[in-house]
Each structure stands twice: as C-alpha cells, then as structure tokens.
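Trainee: Take 1 as the starting number for the sequence shown in UniProt numbering and just add one per residue.
Don't read these hints as lab results, they were simulated from the structure.
These figures come from a predicted structure and were not determined experimentally.
Straight-line alpha carbon distances no greater than 20 Å define the calculated SDA-like cross-link-like pairs of lysine to any residue that follow:
| hint | residue 1 | residue 2 |
| --- | --- | --- |
| 1 | 115 | 139 |
| 2 | 115 | 35 |
| 3 | 50 | 8 |
| 4 | 115 | 26 |
| 5 | 115 | 131 |
| 6 | 118 | 141 |
| 7 | 115 | 142 |
| 8 | 105 | 79 |
| 9 | 118 | 145 |
| 10 | 50 | 12 |
| 11 | 118 | 37 |
| 12 | 70 | 43 |
| 13 | 28 | 120 |
| 14 | 28 | 145 |
| 15 | 87 | 55 |
| 16 | 70 | 111 |
| 17 | 94 | 124 |
| 18 | 87 | 25 |
| 19 | 115 | 54 |
| 20 | 118 | 148 |
| 21 | 118 | 144 |
| 22 | 87 | 123 |
| 23 | 28 | 40 |
| 24 | 94 | 9 |
| 25 | 70 | 142 |
| 26 | 28 | 79 |
| 27 | 70 | 150 |
| 28 | 28 | 140 |
| 29 | 28 | 147 |
| 30 | 118 | 142 |
| 31 | 70 | 101 |
| 32 | 115 | 141 |
So the derived label-pair ranges between C-beta atoms look like this:
| hint | residue 1 | residue 2 | range |
| --- | --- | --- | --- |
| 33 | 137 | 8 | 33 to 41 Å |
| 34 | 136 | 73 | 17 to 25 Å |
| 35 | 58 | 139 | 34 to 42 Å |
Glycine included, each C-beta is placed from N, C-alpha and C at the ideal position.
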Amino acid sequence: MERKRMIQPITNVTEALAVMHAAFARYKTDAQPSSALEETIETFEQELAKGIHIFGAYEEGALVGIVKCKLTDAFGYFSRLSVLPNKQGRGIAKSLIAYCEQFTKDNGRDNMQCKVRKSEIANIALYERLGYVIIDEEVIYNTNGDAVSAVTMEKQL
Numbered sequence: 001m002e003r004k005r006m007i008q009p010i011t012n013v014t015e016a017l018a019v020m021h022a023a024f025a026r027y028k029t030d031a032q033p034s035s036a037l038e039e040t041i042e043t044f045e046q047e048l049a050k051g052i053h054i055f056g057a058y059e060e061g062a063l064v065g066i067v068k069c070k071l072t073d074a075f076g077y078f079s080r081l082s083v084l085p086n087k088q089g090r091g092i093a094k095s096l097i098a099y100c101e102q103f104t105k106d107n108g109r110d111n112m113q114c115k116v117r118k119s120e121i122a123n124i125a126l127y128e129r130l131g132y133v134i135i136d137e138e139v140i141y142n143t144n145g146d147a148v149s150a151v152t153m154e155k156q157l
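Assemble the whole structure, with the sequences as input and the hints as a guide.
Mentor: Below, the structure is given as structure tokens:
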C-alpha cells in the first residue's frame, strides 16, 4: 500500500527541529559533528524571518522530513535535507528536493545549488542521480568552527 505524502511549508518549528536533529544524530560522534545539531527553535525562527523557507514532508499527517530552501538573486539553494532515520530510503528526500526545485522555478530561478560534505559519498551520489553536478570544492568552517571539506553541487532546472 502506497502512503500518501504531502510537501508543504512547516507548521510546527519544534517538530521540524526534532526531525532534523534525529536525521543528523548519526554525526554526533564525528570528529567534526554537524552544526545542524546546534540549531535551535530560535535559529529556525530567525531563518524564517529572513525569508528562508522550511518545507516538510508529511505522511499520514506526521512530519517525516524537512528541507530548507533559500532564494538568492541568481539561484535556489537547499540545505539541511533531513529525513527521519526509520523513514529513509523511501524517496522522501527526492520528494523534498523536487519540491524545492519547483519552488525555485516558480520564483524565476533557473538553477538549484547545495553544499555537501565531500565525505558524504552517498549524498553526493543521490544528488548526481537527480542531475546535480559538482561545480566547486572548498574548505568551509561550520558554526562550530570546524574546517570541513565540502563540494557545491548545481542543477539546471
């Protein structure tokens, strides 16, 4: 039986933060833990106030994934793609990315970008399957002050 999935702007910041923290929990013991684990209700609310959109994937009324989407003058940018660990591998991340891409197109941008840790081979492979290509490689400093090797990926919409 196929589950009904709906993507829409989040309605509950606390719930969205819990989904993101659950998805990023596997990085807690990394030498360079993800700064996503440091985000709070306040940081989410600040981002929403700055015009960053947070979309949620809902199945049977329950929030199972989120993604942040920012529109720049030139392109859309997605980040913090998060799916509950027990819901991964079912196309939720792809649905969230597709929603961001359509939102970006609907708002007059022709391409979408994201940054991903260079060590996240599976994430890079997923994005490549969805049509993204690596356009840049750099060392970035996350909000924890850790130097992280990252790639920027882009897709023409």
